[in-house]
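Trainee: Take the sequences, apply the hints, and build the full model.
If you read the protein sequences in the order shown, they are chains A and B.
What the first sequence shows, in this note's numbering, is residues 20 to 354, in sequence order.
What the second sequence shows, in this note's numbering, is residues 20 to 354, in sequence order.
Keep in mind the hints are simulated off the structure, nothing from the lab.
Please note that a few of the clues may not be correct.
A pair counts as met if it fits within one copy or between any two copies, since identical chains are not told apart.
When the alpha-carbon atoms are kept at most 25 Å apart in a straight line, the in silico SDA-like pairs for lysine to any residue are as follows [stated by the list, open to error]:
(1) Lys61 to Val219
(2) Lys61 to Phe29
(3) Lys61 to Glu177
There are 2 protein chains.
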Amino acid sequence: MIEHIGRDAFMDDLIGRMRTTMVNHDPELVVARNRDGYHYTKPDLGLVEWMPTMEVGRNVVVKMVGYHPTNPTQRNLPSVLATTSMWDTSTGHLVAICEATVLTALRTGAASALATEVLAPTGPATVGVIGCGAQAVTQVHALSRVRPVERVIAHDAEDEVAATLARRLAFLDIEVETVAHRDLGRLVSESNVLCTCTSVDIGAGPVFPDGVVRDDLHINAVGADFPGKTEIPRDLLERSFVVPDTRSQCIAEGECQQLEPDHIGPELYEVVRDAEEHQRRRSSLTVFDSTGWSVEDQVAIELVLHHGERLGLGTDIEIEGVPPDPYDPYSVLSS
Amino acid sequence: MIEHIGRDAFMDDLIGRMRTTMVNHDPELVVARNRDGYHYTKPDLGLVEWMPTMEVGRNVVVKMVGYHPTNPTQRNLPSVLATTSMWDTSTGHLVAICEATVLTALRTGAASALATEVLAPTGPATVGVIGCGAQAVTQVHALSRVRPVERVIAHDAEDEVAATLARRLAFLDIEVETVAHRDLGRLVSESNVLCTCTSVDIGAGPVFPDGVVRDDLHINAVGADFPGKTEIPRDLLERSFVVPDTRSQCIAEGECQQLEPDHIGPELYEVVRDAEEHQRRRSSLTVFDSTGWSVEDQVAIELVLHHGERLGLGTDIEIEGVPPDPYDPYSVLSS
Chain A
20 MIEHIGRDAF MDDLIGRMRT TMVNHDPELV VARNRDGYHY TKPDLGLVEW MPTMEVGRNV
80 VVKMVGYHPT NPTQRNLPSV LATTSMWDTS TGHLVAICEA TVLTALRTGA ASALATEVLA
140 PTGPATVGVI GCGAQAVTQV HALSRVRPVE RVIAHDAEDE VAATLARRLA FLDIEVETVA
200 HRDLGRLVSE SNVLCTCTSV DIGAGPVFPD GVVRDDLHIN AVGADFPGKT EIPRDLLERS
260 FVVPDTRSQC IAEGECQQLE PDHIGPELYE VVRDAEEHQR RRSSLTVFDS TGWSVEDQVA
320 IELVLHHGER LGLGTDIEIE GVPPDPYDPY SVLSS
Chain B
20 MIEHIGRDAF MDDLIGRMRT TMVNHDPELV VARNRDGYHY TKPDLGLVEW MPTMEVGRNV
80 VVKMVGYHPT NPTQRNLPSV LATTSMWDTS TGHLVAICEA TVLTALRTGA ASALATEVLA
140 PTGPATVGVI GCGAQAVTQV HALSRVRPVE RVIAHDAEDE VAATLARRLA FLDIEVETVA
200 HRDLGRLVSE SNVLCTCTSV DIGAGPVFPD GVVRDDLHIN AVGADFPGKT EIPRDLLERS
260 FVVPDTRSQC IAEGECQQLE PDHIGPELYE VVRDAEEHQR RRSSLTVFDS TGWSVEDQVA
320 IELVLHHGER LGLGTDIEIE GVPPDPYDPY SVLSS
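Mentor: Put into structure tokens, the structure is as follows:
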């Protein structure tokens, strides 16, 4: 589908639909739940979680997410594997099940683009990237759709991951510089927009030292998604206007873990809805605390279903075994 | 699969595997969660819920369940539609997704059979059935695998549903009598084993009046699965030894809603594990409070996967979009 529509057009569509969804978001009508799931340390540190949201009277959307940070190095798999399903609230029918590994990377980029669009300084941007894994690709791509990105300056704890970022971003025609750990201060100080998207260990943050930053730096903090996992220096957060994607989840597992509740700003949908009011913050320090919001996944699967139907992509699969006699489970049998 | 293996053999296998699973159940190693989900009243009363369980170090199993009591009369669909999926805790991969509408009816029957096997009087049985929908078929079938069922005496609030029960149970060669509401007292008093599996409205229970019952009556209370929904008269519960399938969930939405905590007996797995100790209760009043336990769904999907592989049934479906380069979501694209 992305090949058919085109990478840029697909991302633009996702950003546009997410913007519209946020502008119109009504928490009474769209009931997103904090994700919940199983966290474990054997065989390796990881989790399997569910992220449900319901549009009242229409659909329930549930993304199932696995996060296994050793996947890339040990199994040549993305750390995040995900699948989204949609359920009809009139009947209980499974409406669709859709890959969400790529979609999660895309929608996380789109959410950062929306925050960046409102809160980051305008004009040509140097984008700092800390953590050069899968999310880095879609962060930079999405940002490039809302700001003229001239340059990327990037770091990864693993040299070999940093080494391939330029190739993975080649489709964007942006200068990509990767720097060593000792140059993290320069990376941060030269950035107009900074994206942190690491797999830093629980309790091992922040991923860069507090220091000199531009007065108008905007940060998209993408990596924190686990109790105890944070990426941003607390002092810097406390000097910033902090926008959680969803307040309660960010307090549980985002950068907001480090903040007093009264220092936490409005949620992303409010900032996007009241963009004109919040654009004045482009001249000051701002942080988008992105833990991943289930409504973003709803937007993503709806986009896929829309274009899938339009383009004749996707497959009809008979998964449910629906007995022709609703009162007789065995009526599924032919004899 | 059921056609291939045979209805009785399939049910016997399910009962046997569930018995083994319960005998060996270790709550430290199998972490079942109470179900959670969305309850709503528009467009009709219903819910979409998730029922997760994790076998530590192996799999997470999540059944998604829709319960829409108006489905049979308004849409010719079962009130329960369900799908079970399995997730690998090493990688996060979706291992399998499996229909669970028929499976839910079967595993609910199998759980009642296990309770009945330990707690009900031995010898030829008259089975009372209140609520003649889909669950009634698999309740009677499952009970017939652990007791010689001579006769079914049944009632449904809808005459037309009761009218077809004999046809739906014809494969069992059991005498089926259906009775009117005024004969509920006789239905209950003549039963050795009673199954309640109604869609009674919230707050509208019990579904039969307290009255004369056999001293050794065993009840499988299957219908309560929603806060406020109960089927059994409170006095009768208070005179009985009550076995929840899972204590906390039964307190939230089962018959145990009506009981003081200290009146609630051991969980089903303990009764099955310590069957010899509990068989002495065959001469007294016993109630199995069946709200549905996610471990039962794990047993069911594992049975299906086992036989599916053995028999070459099932379909390989590519649902996940796994990028060949784990650090580049766009490596799924061919150009």
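Trainee: Now look at each hint and say whether the structure bears it out.
Mentor: These are the hints, each one checked on the structure:
1. Lys61 to Val219: within (18 Å within a copy, 44 Å between copies)
2. Lys61 to Phe29: Neither way: Lys61 and Phe29 sit 38 Å apart in one copy and 34 Å across, limit 25 Å.
3. Lys61 to Glu177: Close inside one copy (23 Å), not across copies (52 Å); limit 25 Å.
Hint check: a violation occurs at hint 2 only; the rest are consistent with the structure.
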